[in-house]
Amino acid sequence: MRSQKRVRVLPEIPTASMADIAFLLIVFFLTSTSMNQDKGLSLYLPAMGESKEVAKKNICNVWINEADEVAIYEEDQLKPLAFAALKGEIERRLTENGKLIVSVKSERGATYRTFVNVLDELKLAGATRISIASPEK
Amino acid sequence: MKFYRKSKVDSVIPTASMADISFLLIIFFMVSTVFVRYRGLPVELPEAAKIEKLESRRNVTGIWIDRQGQLIVDDQPVPLDQVAKLFNDKMRDNPRLIVSVKGDEQAKFGLVSDVLEELRRAEALRVNFATDRERAE
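Protein chains in written order, with my numbering: chain A, 1 to 137; chain B, 1 to 137.
Treat the hints as calculated values from the structure; they're not laboratory data. Each hint should be verified, as a subset may be incorrect.
As the list claims (entries may be wrong) - Derived coverage of chain B by chain A (criterion: at least 3 residues anywhere in the stretch with Cβ under 8 Å from a Cβ of chain A; other residues may be distant): (1) 24–34; (2) 47–60.
What the hints assert, rightly or not - Facing chain A, from chain B, some residues (calculated, C-beta under 10 Å): (3) 3; (4) 11; (5) 79; (6) 100; (7) 121.
For clarity, every value in this text was computed on a predicted model and none was experimentally measured. We put the CB at the ideal spot given by N, CA and C, even for glycine.
In isolation and in its complexed conformation, chain B is listed as follows:
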């Protein structure tokens, strides 16, 4: 009896398009990447349930308020009376600026209120109170 020998076909994973796929991924990540520029302060954010996501990081500037009452903007400590001037300049550069207030949950409201008042003076009116993971209702 004669056996037909199976034709030998090399099983090969086609790698020709691998580079294309990976370049596609690269382009996706390049476009979507916004580098973390500022570390800010290690604050413990309060929790909230009805949170909204900010659509674009590019328009967001954070102002950190820690429990000792220290203010940090762009990784620089800022005295309270300089906040209005600083954000006035920022608003001129980008009128669509959203200020993310990253206050420590143990911070005193008085200081937060002062910061809000300064932001009003700088006409930075879009404010977001940064909160952490969702609070159980």
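Just chain A, with the same shape it has in the complex:
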């Protein structure tokens, strides 16, 4: 008796549509990915109860009032300063005294934008030691 020879069929996974599936997934991830990073001005806050006594000559107080005007508090008086002049002034003081700590004190009514702009100017001037004083209530 002649045995019937089986037809050998090679099992194959169809790969023709593999690329299509993969591209579909790519498109999904492309659209759901948000590439914009968080960016801004970084600052380390001092821990609670961590207050240091600093010599008066090493502190430069920058004040912002409710009308978003900038001033430097010195020798018990406020010296108003144009916003554009702030950077140069801080730069000058930093070269005079490398240990200078810039303290930003802002009134509660000042807008946040002014505060951020002042902070930005201080960073542009090269100040690394910046402190934020909490306003009086």
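Chain A is already provided as a structure; the job is to place chain B on it using the hints.
Below, chain B alone, put in the same frame as chain A:
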């Protein structure tokens, strides 16, 4: 005269490696994707020039402050006195947390200062003031 007929070679773009390439891309996008979890508030961020990019989104939690003085964390409105407790819990989950303060540029500094004070109480000391596109110097 006898003309040699050009041998017919089918021009075919090799598609066998297409799936491999696309899977590679998929893996890249899968790894780099962090899904946008929170929408936050539509705030207008202040502008700054000396901005830093935050390296990883995974460690960043945003706190939105709009011009009406509303605080939003994780898409939930949060009263001011709950901020410290909330971020205390968050710091326990991830001690490397960076808080991104997304304040509206018209927000009052008083509220921002209160939020900073609450963050200090929660020992969330790494703060980033989120800013928008770069400000012309």
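- Message: Under the constraints set out in the numbered hints, which ones does this structure not fulfil?
- Response: When the structure is compared with the hints, numbers 3, 4, 5 turn out to be violated.
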